[in-house]
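**Q** Protein sequence lines correspond, in order, to chains A and B. Numbered according to numbering that gives the first Met the number 0, the first sequence spans residues 0 to 968. Numbered according to numbering that gives the first Met the number 0, the second sequence spans residues 0 to 232.
If you're looking for bench data, these hints aren't it; they were derived computationally from the structure. If you're wondering where the values come from, they're calculated on a predicted model, not measured in any experiment. Please note: incorrect hints may appear among the correct ones.
Stated by the list, open to error - Distance condition first, Cα-Cα at most 25 Å in a straight line; then the derived DSS-like pairs of lysine-lysine: (1) LYS130/B to LYS603/A; (2) LYS592/A to LYS130/B; (3) LYS13/B to LYS75/B; (4) LYS130/B to LYS610/A; (5) LYS113/B to LYS954/A; (6) LYS954/A to LYS116/B; (7) LYS75/B to LYS610/A; (8) LYS603/A to LYS116/B.
In case you want the letters, here they are:
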Amino acid sequence: MKFFRLVLREISSSKTRFFAILAIFALGVGFYSGLGCAMPVMKKSMDSYADRYNLYDIRLLSQYGFDESDRDFIESVAGVSGAYLSRSVDAQVNGAACRFMSLTDGVNTPRIIEGRLPQSPGECAVGRNTMSGTLAKIGGKITIAEQNSAEIKDSFAKTEFTVVGIVESPAFPSVQRGATSVGQGSLSHYAYIMDGDFTGEYYTEAYVTVSGAKNARLYSDEYKDITNGALSALEQSGLENVQLSRVKSKAQSELDGKKAEYEQKKADAEKELGKAKQKLDSAKSELDFAKGQIEQSERRLTLARAEYEQNKTESEAQLKAAQDELDGNYAALAAAFGNAAAADQTENAAAELAAARAQAEQRLSEALAQITQGQTQLDTARAEYNAGLAEYNAGLSEYNNQSEKAQRELDDAQAELERAQAQIDELKAPEIYLFNLTDNYGVNAFCQDADRINNIAKVFPILFFVVAALVCLTTMTRMIDEQRTKIGTLSALGYGSGTIAAHYLCYSSLAAAGGIVGAAAGCIVIPLVIFNTYKILYSLPGIVFTVDIGKTCGAIAAALILTCGVTLWAGLSSLKSCAAQLMRPAAPKEGKKVALEHIGFIWKRLSFTSKVTVRNLFRYKKRFLMTVIGIAGCCALLLTGFGLKDSISDMVPLQYGDIQRFDMTVYLTEDSDKVRKTVEEGADDCLFVQNTATYAEKGDRSLECRVIVPENPEKLGDYISLKNRKSGAAVEFPADGSVVIAEKLSIRLGLDIGDSIGIQKEGGGSASLTVSGITENYIYNYIYMSPETYESAFGEKIRYNEAFVKSDGEIAAGGGIASVMRSKDMTESFSHVFDSLNGVVLLLIISACLLNFVVLYNLTNINIGERVREIATIKVLGFYRRETDAYIYRENLLLTLIGTAAGLALGIYLHRFVISTAEIDMIMFTRTIKPLSFVLSAALTFAFSALVNGTMHFKLDRISMTESLKSTE
Amino acid sequence: MSFIEFENVTKIYKSGQTECVAADRVSFEVEKGELCVIVGSSGAGKTTLLNMLGGMDSVTDGKITVDGKIVSDFSKKQLTAYRRNDVGFVFQFYNLVQNLTAVENVELASQICKSPKDAARQLELVGLSGKEHSFPSHLSGGEQQRVAIARALAKSPKLLLCDEPTGALDYKTGKAILSLLYDTCKKEGMTVIIITHNSALKPMADRVITVKSGKIESIALNENPAPIEKIEW
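Make the full structure from the sequences, and use the hints.
**A** Here it is in structure tokens:
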């Protein structure tokens with residue numbers, strides 16, 4: 000107990016020293032474990048979000064879509080705990096691409112931020128986007144834009160939806176929602192609508208949850224193993240064949256129906272035609288019969304006429320003969336009987352003759368009338384017949400036409416059916432696409448960001464730890480030196496070395512306990528700051544703390560081992576010496592000439608005080624190194640912090656001012672003369688380009704990027720400056736078959752000029768081209784090529800879908816113009832995002848400042864402690880206060896100067912390292928640190944140095960001349 | 000008026016509740032050019048007297064006059080100026096700056112005062128020619144004390160204060176150092192005050208002040224100081 004009291008007294012008598020070590024370990028361990036658990040905290044937060052809102056594990060897409068039978072099949076696959084069908088269609092809304100999805104019960108449950116989920120047709124809930132704003136407020140309406148393709152428009156039962164809720168989906172954790180095939184190629188929004196508001200027959204996707212995956216930590220190897228197992232089970236399940244046979248049999252039955260219909264139709268047509276034919280035929284035979292009768296009547300009439308003529312001739316001849324006879328008889332009679340008798344006699348005969356003649360004439364005229372009547376009748380009959388014939392002929396040709404047409408139609412139908420059959424026979428198994436969560440843009444990006452933080456966590460704390468160890472070493476060495484006599488006395492009193500060592504170990508262990516405090520604070524504060532920073536880019540409901548016990552305990556243990564090790568190392572030589580030796584004052588450290596003294600011409604020119612300063616600096620090499628390393632480390636941290644801020648804030652103005660030299664980007668839905676005219680009228684100058692979302696590839700590495708094809712390559716230079724970042728030299732626009740790529744692509748994919756780059760288009764089409772230049776670029780990754788290169792590489796015609804515009808005026812959207820993005824607005828929205836990163840930067844700067852202060856304070860403290868006698872001596876010699884301060888400060892100043900210089904140099908590399916590990920794929924931070932940051936870092940370092948010196952002044956003042964000169968110790 | 004005058008000088012050290020009277024109404028005088036030895040046993044308060052005289056410590060009560068100036072009334076800054084220009088110190092443990100060569104240690108003092116003497120010449124005078132560029136750790140105790148004396152003298156002080164200058168030295172070397180101090184006093188007419196617990200040094204002094212328990216026990220004047228060579232202890 001006495002022993003412990005000794006330790007406590009030791010602490011209370013050296014509070015500054017104790018707390019300096021305590022603070023430095025609190026900082027070191029806190030920073031290390033805090034940054035160390037940032038990644039686990041981020042991942043765990045995402046995991047709990049995914050678990051709570053039932054995020055899917057595997058997403059399936061199929062050419063054939065899905066139906067309930069597919070779902071049952073998927074659910075039967077080993078490892079699958081649930082399958083959920085959903086519909087989604089990407090469409091343009093208000094000039095931005097939006098994914099419309101149906102609600103799925105049991106998976107990807109949207110988190111309701113405001114309002115409610117859609118419950119009836121025509122309602123929708125939109126996803127919140129903290130960065131670019133939400134599509135509409137509750138009560139607002141969103142409309143499927145007119146410019147969408149007919150196919151897309153037909154996929155919806157309605158064109159307008161009323162917003163009833165604002166949600167966040169676990170499937171879209173990032174404000175970046177990934178790629179789409181509509182609009183400009185990147186998805187900006189999503190919305191949930193009722194399943195019935197889609198017209199599609201099949202579900203477009205199936206979400207699968209994997210059994211056991213919920214219990215495994217998202218992003219962990221365990222999780223990957225589980226889901227990959229289910230993924231390969233699904234791959235091998237033969238789902239495509241199930242779908243094929245389903246689709247085939249369905250199509251076949253449909254076709255069979257059509258076939259039967261065809262046959263029916265055919266029979267009907269034939270029957271109809273037959274009937275018509277029959278009718279025609281009977282008409283024909285009637286006509287023929289009529290014709291026969293007419294001919295017969297004609298013949299009869301001719302006969303009658305001939306008979307009449309004959310009768311006429313005959314009766315005339317008879318009458319003539321009778322007349323003649325009469326006349327002869329008269330003459331005979333007259334001759335015979337006289338005329339009178341004759342006359343008398345013949346008179347009767349004449350009367351008889353006249354009667355006969357009248358009779359004959361009557362008969363003849365009757366016959367003639369009959370003949371004439373017959374003729375009239377015949378004429379009528381002929382006319383009738385002729386009309387009938389004409390009608391018949393018309394009917395016949397009509398019939399022929401009809402029959403021919405019917406035949407043709409039937410033939411066509413037959414061919415159609417045959418083609419359909421062939422199509423069915425040719426049906427192939429569908430391509431089924433399986434995606435696990437690592438393919439989800441946001442989920443994956445979040446993981447990458449967490450890993451990036453972890454990369455930083457690997458470097459910074461080590462720097463902290465190194466500084467802490469150095470400071471601890473110096474401090475403990477000094478402490479044991481100071482207590483030499485005490486150790487000797489204890490030793491002489493009979494305490495064993497073990498006990499004495501334990502005393503100091505106890506002291507340093509207690510100091511190292513600062514690490515526990517630091518760890519506790521660090522594990523809360525640092526992840527919180529980082530998490531809140533990333534909350535701007537990711538929508539997560541809340542932070543879930545977790546502590547990497549191993550790492551934290553490791554850090555604390557490391558601190559403990561470090562201090563104890565250092566203490567032992569520093570104390571070992573003392574403990575080895577015998578008590579008597581220890582009680583004698585230590586031999587003062589020898590003075591030594593420094594290298595500079597051998598360079599006469601410099602040394603001679605130095606004033607006496609400078610000489611002393613230089614000599615003193617190099618006398619305590621260990622302390623010199625410690626101080627320089629300590630200051631350099633802090634200064635490097637500061638510079639890294641400020642440099643990060645520069646890199647982040649410079650990037651946006653450079654991209655949208657220096658590199659992209661136009662005022663707005665106009666997104667076009669069509670490339671027509673009318674649209675071009677609208678754009679050209681609103682612009683001082685403009686350039687039409689095709690902007691295509693692609694993936695750049697090399698080996699197995701791939702990066703999202705955009706291919707820009709300018710209509711007039713020679714004009715591109717006025718709009719986008721292609722130049723080398725370091726030299727500023729202009730980069731030539733690529734010749735045919737080659738491309739100019741953004742610098743980030745060259746860094747991430749390891750591409751150099753002359754290498755070949757693979758470009759994969761969203762939705763098929765790929766090309767391999769040669770890199771002819773690498774250009775400065777910060778936001779998004781661009782590939783530039785000529786129209787000829789594009790057309791020959793991808794084998795498709797260019798459709799210009801954007802215009803770079805230089806204008807101070809406005810161009811309104813609508814009528815072929817989807818939207819207009821002003822570069823100024825872009826700058827603002829990006830700046831907003833990156834401002835959030837300043838939280839991390841501030842954290843860095845504050846930690847660096849704290850470390851800086853502690854290190855300087857401690858080291859100066861030791862410096863003074865070690866040199867109390869020397870200081871007392873110069874005070875006795877009559878150095879004024881100011882001169883005494885200066886005597887020490889000059890050294891500190893020089894140390895600070897050297898440390899700062901080293902720190903600035905080190906900081907450049909540290910900054911570069913941090914940037915290359917911290918930046919995300921679509922962004923390249925600027926590599927340059929502003930001169931102001933160098934000045935600020937140096938100034939802050941000096942300010943701390945001054946502050947420390949200021950506090951030291953009082954300590955110097957308190958050094959008593961009389962006390963210090965009495966004895967050697 | 001004497002060169003140095005102590006009038007009823009009292010010094011009380013306070014630490015917490017306890018008070019320690021280190022000097023109790025001390026009065027004495029020393030004339031210019033005298034070699035004065037203050038003797039007393041350990042803890043008698045002689046160093047306290049020296050500290051007050053040298054301007055390193057303030058008085059609790061009383062008055063100290065040096066060369067007509069009332070040192071006991073000096074401000075901190077005036078005390079520093081007084082130490083700087085008027086007083087030379089020689090300590091038991093030499094108090095050389097280890098990291099400076101012999102000549103630099105002398106320069107450390109000479110570069111701040113008004114009319115310094117040449118540092119190298121001073122070292123020559125104390126018999127250290129050829130060792131100007133040696134570091135203290137390469138010098139013997141006697142040699143280090145010579146450097147300390149040279150440093151004290153380089154400022155051409157009015158007063159040389161020596162606190163047990165031979166305490167850490169062997170007999171022979173101690174004698175040589177005392178001889179050097181004696182010579183300095185006589186040749187340069189410098190007022191030298193030596194503090195020692197060794198009564199054997201009494202015969203060499205012009206004036207011997209004996210201190211006991213913070214009080215002056217006796218003040219004796221030596222008409223004929225004996226040469227150091229003759230003194231044995």
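**Q** Which numbered hints does this structure break?
**A** Violated hints (numbers, rising): 5, 6 and 7; every other hint is consistent with the structure.
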